[in-house]
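Residue numbers (our numbering), protein chains in the order written: chain A, 1 to 306; chain B, 1 to 337.
If you're looking for bench data, these hints aren't it; they were derived computationally from the structure. There may be inaccurate statements among the hints.
Said to hold, decoys possible - Derived DSSO-like pairs: lysine-lysine, alpha-carbon spacing no greater than 30 Å straight-line:
(1) B/293 <-> B/81
(2) A/282 <-> B/250
(3) A/47 <-> B/250
(4) A/81 <-> B/220
(5) B/144 <-> A/85
(6) A/134 <-> B/81
Predicted model only: the values in this text are computed from it and were never measured.
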Amino acid sequence: MNERVSSITLGPVLFNWDPEKWRDFYFRIADEAPVAMVYLGETVCSKRAPLFEPHYQAVADRLSAAGKTVVFSTLAEVALKPDRKLVEQICATEVFHVEANDSSALLRLQGRAHDIGPFMNVYNERTVAFLASKGAQNFCLPAEMPAAAIRELCHSVRDLNVTIEVQVFGRQSLALSARCYHARAHGRTKDSCRFICENDPDGLELSTLDGRPFLLVNGIQTLSYEYLNLIHEMPELRAMGVSRFRLSPHNVDMVEIASIFLAVLDERIATQEAAARLNCVKPAAPFSNGFYYGRPGYSWNIPTGY
Amino acid sequence: MVDNGYLRPELVCPAGTPAGFRTAVDAGADAVYCGFQNATNARNFPGLNFTAAELEQAIGYAHARQAKVLLAINTFPPAGKFDLWRDAVDLSSQLGVDAVIVGDIGVADYAARTYPNLRLHLSVQAGASSPEGIQFYCQEFGIKRVVLPRILTVAEIAEIHQQIPCEIEAFVFGNIGMMAEGRCSLTNYATGLSTNMDGVCSPAADVHYKESADGSLTIKLGPFMIDQFACGENAGYPTICKGRYLCSAKPDAYYAFEEPISLNLSALLPDLMRAGVTALKIEGRQRSRAYVKAVVSAFRKAVDAIMVNRDPGLTNLLALTEGHRETQGAYRSKTWR
Numbered sequence: 001m002n003e004r005v006s007s008i009t010l011g012p013v014l015f016n017w018d019p020e021k022w023r024d025f026y027f028r029i030a031d032e033a034p035v036a037m038v039y040l041g042e043t044v045c046s047k048r049a050p051l052f053e054p055h056y057q058a059v060a061d062r063l064s065a066a067g068k069t070v071v072f073s074t075l076a077e078v079a080l081k082p083d084r085k086l087v088e089q090i091c092a093t094e095v096f097h098v099e100a101n102d103s104s105a106l107l108r109l110q111g112r113a114h115d116i117g118p119f120m121n122v123y124n125e126r127t128v129a130f131l132a133s134k135g136a137q138n139f140c141l142p143a144e145m146p147a148a149a150i151r152e153l154c155h156s157v158r159d160l161n162v163t164i165e166v167q168v169f170g171r172q173s174l175a176l177s178a179r180c181y182h183a184r185a186h187g188r189t190k191d192s193c194r195f196i197c198e199n200d201p202d203g204l205e206l207s208t209l210d211g212r213p214f215l216l217v218n219g220i221q222t223l224s225y226e227y228l229n230l231i232h233e234m235p236e237l238r239a240m241g242v243s244r245f246r247l248s249p250h251n252v253d254m255v256e257i258a259s260i261f262l263a264v265l266d267e268r269i270a271t272q273e274a275a276a277r278l279n280c281v282k283p284a285a286p287f288s289n290g291f292y293y294g295r296p297g298y299s300w301n302i303p304t305g306y
Numbered sequence: 001m002v003d004n005g006y007l008r009p010e011l012v013c014p015a016g017t018p019a020g021f022r023t024a025v026d027a028g029a030d031a032v033y034c035g036f037q038n039a040t041n042a043r044n045f046p047g048l049n050f051t052a053a054e055l056e057q058a059i060g061y062a063h064a065r066q067a068k069v070l071l072a073i074n075t076f077p078p079a080g081k082f083d084l085w086r087d088a089v090d091l092s093s094q095l096g097v098d099a100v101i102v103g104d105i106g107v108a109d110y111a112a113r114t115y116p117n118l119r120l121h122l123s124v125q126a127g128a129s130s131p132e133g134i135q136f137y138c139q140e141f142g143i144k145r146v147v148l149p150r151i152l153t154v155a156e157i158a159e160i161h162q163q164i165p166c167e168i169e170a171f172v173f174g175n176i177g178m179m180a181e182g183r184c185s186l187t188n189y190a191t192g193l194s195t196n197m198d199g200v201c202s203p204a205a206d207v208h209y210k211e212s213a214d215g216s217l218t219i220k221l222g223p224f225m226i227d228q229f230a231c232g233e234n235a236g237y238p239t240i241c242k243g244r245y246l247c248s249a250k251p252d253a254y255y256a257f258e259e260p261i262s263l264n265l266s267a268l269l270p271d272l273m274r275a276g277v278t279a280l281k282i283e284g285r286q287r288s289r290a291y292v293k294a295v296v297s298a299f300r301k302a303v304d305a306i307m308v309n310r311d312p313g314l315t316n317l318l319a320l321t322e323g324h325r326e327t328q329g330a331y332r333s334k335t336w337r
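Work out the full structure, taking the sequences as your base and the hints as a guide.
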C-alpha cells in the first residue's frame, strides 16, 4: 500500500441543507477543521445538485487554500437522464480527483486516477486489484464490512499502490432506492417532491410501532438512526493498514469531532479520553459499532481492552 | 423474428430444490436459475438450493429437454472468503451450466479470465441501472445479458436497450424488493447477517411472531418491531422494506417504503417484448412447487399466445401474489418513484 500519512477525511454532506448554511459549514471546515481531505458533491439525489452549484467554486477554493485536498464524489444511484448527466459533469472535471459511487462513473473514469466511494461494493482484494488496474487509488469500504474482512483486505492489497479508507463517525448508509421515501411520507412522488427533504436537515426519523427509533429517511437513502463511532477501534484500524478515516457530516460540531479523532490518530490522547469528549458533543441518538464486530449494525459493543 | 415483430423471449424460472427444478422445466421454462447451498447466492435459506451432485443431475434433466441452467453466484465475497466463490465458479464451468449470474466485480473478473467461454449474466445485485453502468460490465467482463433492476419504466427499458451491447432480462412476476438490490444492509443492521455477504434477507431465524390476546400479530426482526397485523389481516413474509413505521410526517403507522405487494407484469408482456426484453424472469426460488408450476405454466401459455398474436389471457395469477395484491411497480409509470 501507499506509504501515505494517515489522515482524517470528511465525507460529503448527505442531507439537503440550506445552500448558504452548506457553504458556511464548509467555510468553517476550511478555516478550522483538522481534516486533510474533504469530499464534496451530491451523492444522494440529482435533483438537489443544482441547489449547491452556485457555491461549489467558492467552497472548493476556500478548502484548497486551507491546504485541504478536495475530491468530488459522484451520485450513488444512477438510472435517469438527470442522474447520468450529473455523473458525466462531475467526471469531466480535470481539476479535482473524482470518487466513483456507481459503475457508470467507473466507465467514465477508467484510465485516469480516481477513487472508489463507499457506495461501490468493494468487499475483496480481487475487486480492489481489478479497479486499481483501471486507475483507482483510494477505496472507501462499504459500511457493513466487518473487522476480519477489513484486516484481510488490507493485508492482501499491501503490495498494490492503493490506500484504504473506512468511515469512523456518523450515521451509516444502509440502503438506496429509486423511490424517494421523503416524498412518499408527504404524499408526493420523486418528480413532484418540491424538495420536501429540506425540512429535515438531519433526515426523517422512522420509529417502530412500539416507539423505538430505528431508521432515518433521506430522500432515496435509508440511514441508521444510531451514529457510527469507531473511536475505540482507530488504533486497530491503523495497525491493519487503513490510512484514511472518514467522518460523515451532521448537524453537530464537526470541527470538534475531527479534532478528537485526529488526536487519537496522532496518539496525543487515549481512546478512553476521546470517547468521553465525544460524548459531550454527541448528538441525541446513541452510538453504534456493530458492523465492525460482525454483529447487528445498530448494536454497541464494548471494545476489547475494556 | 416472426411476423408480428416479437423476438421469442426466454422464460426464466426459479428453482429452490431439485424437485422444484423439474417442475419448472416440465411447466415450460426455457431456462431455470438456481444456486449452491451456501453464501454464494442471494437466496441462501435453510432447506433451499443445490449440492454439486444435485446440480449435475438438474443440468442433465434440463439439457435433455432443451432447457438452460443459469447459476446465481451473485453475492459479494468478503476478503478472506473468496475461495468459496471461486470454487462455485470452477464447479459451474465443470458441470456445464449455460451461464453464471454474477454481481461482484472480483468474481466477474475471475470468471471472465479463467473461463473465457463461460457465459456471464450480470445480476441485478450489481446495481447497474444506466446504459453506462451496464456498458462498463460488458466491456470489462464480456457480459452477455443484464438483469435489470425493477425501477425502470417500459419506455426507459426501451431506451437502455438501444444503448447497450447485451441482452436484457427483466422481472415480470413475484416479490418486489424496494431497495436497490446489492445495496441494502438493512437485514445486517437488525440481525448481524448480511444480504450481500451471507445471501440472506430477513432470515427466518431472526423473525419473531407474537400473538396478542385480541388475535393481533406482532412481528419483530431482531429486536425491531417491523409490523403488526389485526386478526385475519393478510400478512406477507416480513421484511424491513415492507414494514409499517411511525414518522413525524404521518398521523398513523404507514408503509414507509412499500406495501406487501407482488409484481405482476402479465399485462405488460407485449410492451416489454417490444422494448427489447428478451428474457422474462419469474422471482421465487423460495416458493413451493405448486406455485412454480402455476406461475410458469401461465406465463408459458401467455408468451406462446403473444407470439401467434393471440390474447395472452393471464387472469388468475392474483391468488398467487403476496398479500393477494399486485402492482406493475415502476414499469408502468414514473409516479411509482
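Verification of the hints:
About 36 Å separates the Cα atoms of residue 293 of chain B and residue 81 of chain B, which puts this hinted pair outside 30 Å; it is violated. Of the pairs offered as hints, the one joining residue 282 of chain A and residue 250 of chain B holds, with about 28 Å between alpha carbons and a cut-off of 30 Å not exceeded. Among the hinted pairs, residue 47 of chain A with residue 250 of chain B is consistent with the structure: their alpha-carbon atoms are about 24 Å apart, no more than 30 Å. Of the pairs offered as hints, the one joining residue 81 of chain A and residue 220 of chain B is violated, with about 39 Å between alpha carbons and a cut-off of 30 Å exceeded.
The hinted pair formed by residue 144 of chain B and residue 85 of chain A meets the criterion: a straight-line CA distance of about 26 Å does not exceed 30 Å. Restraint check for residue 134 of chain A and residue 81 of chain B: satisfied, since their Cα atoms lie roughly 24 Å apart, inside the 30 Å limit.
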